[in-house]
Amino acid sequence: MTVASDPAARTVDLREPSGWRRSKNRIMTVLMYVAFVIVLIPLGFVLVTVVAKGASAISWQFLTNGTIPPNVMPLGVGGMGAAVVGTIEITAFAALIAIPLGVLGAIYLNEYGGKGILARLVSFLSDVMTGVPSIIMGLFIYLIWVVHFGYSGLAGSFALACLMLPIVIRSTYEMLRLVPDSLREGSYALGSTKARVTLTVVLPAAIGGIVSGALLAVARAAGETAPLLFTILTVEATNKNLFSGPNTALPEQIFVNAQSPYVGAQARAWGAALTLIAITFILMIVARIVTARFTRYTR
Amino acid sequence: MSAVKEADPASPAGSANALNHRRPLGDRGFQILTLAAGLLVLIILALIAISMAQQSTTWFTTAGLKGIFSVDWDPATNNFGALGFLYGTVICSVIALIIGVPISVGVAMLLTQVVSVRWSRPVVTVIDLLAVVPSVVWGLWGIIVLAPWLQHIYLHIASAVNGIPVLDTLFGGPNVSGASFFTAGIILAIMITPIITSLSREVIATVPAIDKEGAYALGATRWEMIRGAVWPHSQAGVTSAILVGLGRALGETIAVALVIGNSDEITGHLFYSGSSIAATIALQFGEATGGEFRSALIGLGLFLFVLTIIVNLGARAIVERSARRTRGA
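Chains C and W, in that order, give the protein sequences. With the numbering used here applied, the first sequence corresponds to residues 6 to 304, in that order. With the numbering used here applied, the second sequence corresponds to residues 223 to 551, in that order.
Incorrect hints may appear among the rest.
Taking lysine to aspartate or glutamate pairs in the EDC-like style, the calculated list, with each CA pair at most 20 Å apart, reads [what the hints assert, rightly or not]:
hint	chain 1	residue 1	chain 2	residue 2
1	C	Lys58	C	Asp132
2	C	Lys120	C	Asp132
3	C	Lys120	W	Glu446
4	W	Lys288	W	Glu446
5	C	Lys245	C	Glu179
6	C	Lys29	W	Glu446
Think of the hints as simulated: they come from the structure by calculation, not from any bench.
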């Protein structure tokens, strides 16, 4: 009863574990914060370096001049325009291939396949495909396309599309699953066919999540180098024709210039890195805005 | 004959029922279209396996098992032994896991168990940012900024451990280089941290609140609650997340190609230059004009493909086994 009559003592008794247990708890909590700080260091370091070194390289001429100069040239001669054009063309066309196919695949998984063996297999394989290294996609497209039709931006788009496809399927599938069945039932009750229900009711209901998932897939693909090495080669002049002739892209130019000992080449690499990071971050931010504004159903 | 099936609201004109003939052509067509898109995944994976196996047979038949698993890689003399690269891939990934796993799991625990939702949002954004930095940018930063800096540290460590038995073989040696297995391991650790963190976080978030409350009710501290309630529940999921991270690390190409230093040596010295499977393919494919050279590089790709698929299957198997066990319990 003495304990009950002294509320301060009671709270102390129940809440405070013995010294060592409490210290251990403290130590582990601090270690978790330390882990987060360790994550922050390289991120902060890389962003500061890219911005600091890249900002001095970037100019209007750097972004638009279509002739990439030889490594030995100092900064200020030529520019990365060819790579900017290549990256935008190749990634956009890859998105054009992969997003519709991925969305259709996800519709199959969620709306038609159900729990059937085939749907389970496709779902399983799309998980497996997400884990396939990007360089394998490059080799694959090299073997089945480039060997027969030559290097082109199109081949690069195919490789990036292979990379994006499983990501789009997975993210779209997750979004379709969140659409409540009552929406589908309501629309069936009005006599719609399944295709109409899917296209006019289910897809619009999930469109926010689908778009943001697709944008993240595009952002990831835009930064990939390995699939492009064997599919588009590298050139030093702008090739606006996506469908024929070797092309070039920002990640490739970073890769090539990073291996060079020349100051000018390295500066161009930093400039290209800043441009590339800006593109991927913009895509990510747009994805966030879309998620925040247009997502109706969340987990 | 067939029992009345449970009415499936999502397929009023489901596959084998009498309403079938009333489905318009467009409806049917759309279904077939979606099926084709779904099957595309299967087709692509099959084509990858077939085309790569086909193109690498030259290497497999001429080099033989002994030639493939030798350390001698010399395109000039048509010797293509892959063991050095296999070793490099594995050693870098192991370093990446040793560094990355405690950090990733720590951050995942921090996000789910320690900080409030208000603070975990921005932290998640930061982790996501880490994931969207392209691998070539990590490579660029790694080789121009990180490697020269690490070289100083490596030199100090090397001279400090000089003469100490095991440590000298791991961290010592005269040929210490900034571009090395260990640098590649560090870069890989940074790159796999976001994926392990986000997958672990999802698993940890599914731990029932009642388990956690039970642990607290028994007087556990937060750490004891994590050890006793959260960890047993999420152990399998976290292991599988780690395996997915391992799959990424094994296949990462460009960042590793830039920072690993490119030498086909097998050495226990972690601060020495080496190479990995993916880096070798990326760096040598352009020069590989000869049939057997190219075939060997595609064969390396096939190795990598099989390796990552096995790792990813392992990740999935672990999750499924544990799901069965929990359901059975």
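A quick look at each hint next to the structure:
no.	hint	verdict
1	C/Lys58 to C/Asp132	violated (38 Å)
2	C/Lys120 to C/Asp132	holds (16 Å)
3	C/Lys120 to W/Glu446	violated (40 Å)
4	W/Lys288 to W/Glu446	violated (52 Å)
5	C/Lys245 to C/Glu179	violated (37 Å)
6	C/Lys29 to W/Glu446	holds (9 Å)
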